[in-house]
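Visitor: Residue numbering for the sequence shown follows this note's numbering, beginning at 2 and increasing consecutively.
What the hints contain is simulated information worked out from the structure, not anything from laboratory work. Beta carbons: idealized from backbone N, C-alpha and C, even for Gly. Watch out, some of these pointers could steer you wrong.
Pairwise CB distance ranges (calculated) [unchecked claim]:
| no. | residue 1 | residue 2 | range |
| --- | --- | --- | --- |
| 1 | L51 | G26 | 53 to 59 Å |
| 2 | R21 | R56 | 51 to 57 Å |
| 3 | R4 | Y38 | 29 to 35 Å |
| 4 | G43 | F22 | 35 to 41 Å |
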Amino acid sequence: MWRFVLLLVVVAVGSYYAARFLLEGFPRRPHRDDDEYVRPVGPDDDDEFLAQISRRDKGPDDPS
2 MWRFVLLLVV
12 VAVGSYYAAR
22 FLLEGFPRRP
32 HRDDDEYVRP
42 VGPDDDDEFL
52 AQISRRDKGP
62 DDPS
């Protein structure tokens, strides 16, 4: 009986580490929390694009 329980525990631990290896790779890559977040460059970073938007917003109904 104890051999069956020991075998069950060994198979469970082995399958856990096998699944972890298949999903994450080995060795595990450390998470880099110290790196600063860099926002991806988008169209709102382009001054020319912003100028076009502001010109487009000013219509005949806008007094400014």
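Visitor: Take the hints in turn and mark each one as holding or not.
Guide: Against the structure, the hints come out as follows:
no.: 1; hint: L51 / G26: 53 to 59 Å; in the structure: violated (43 Å)
no.: 2; hint: R21 / R56: 51 to 57 Å; in the structure: holds (56 Å)
no.: 3; hint: R4 / Y38: 29 to 35 Å; in the structure: violated (52 Å)
no.: 4; hint: G43 / F22: 35 to 41 Å; in the structure: holds (38 Å)
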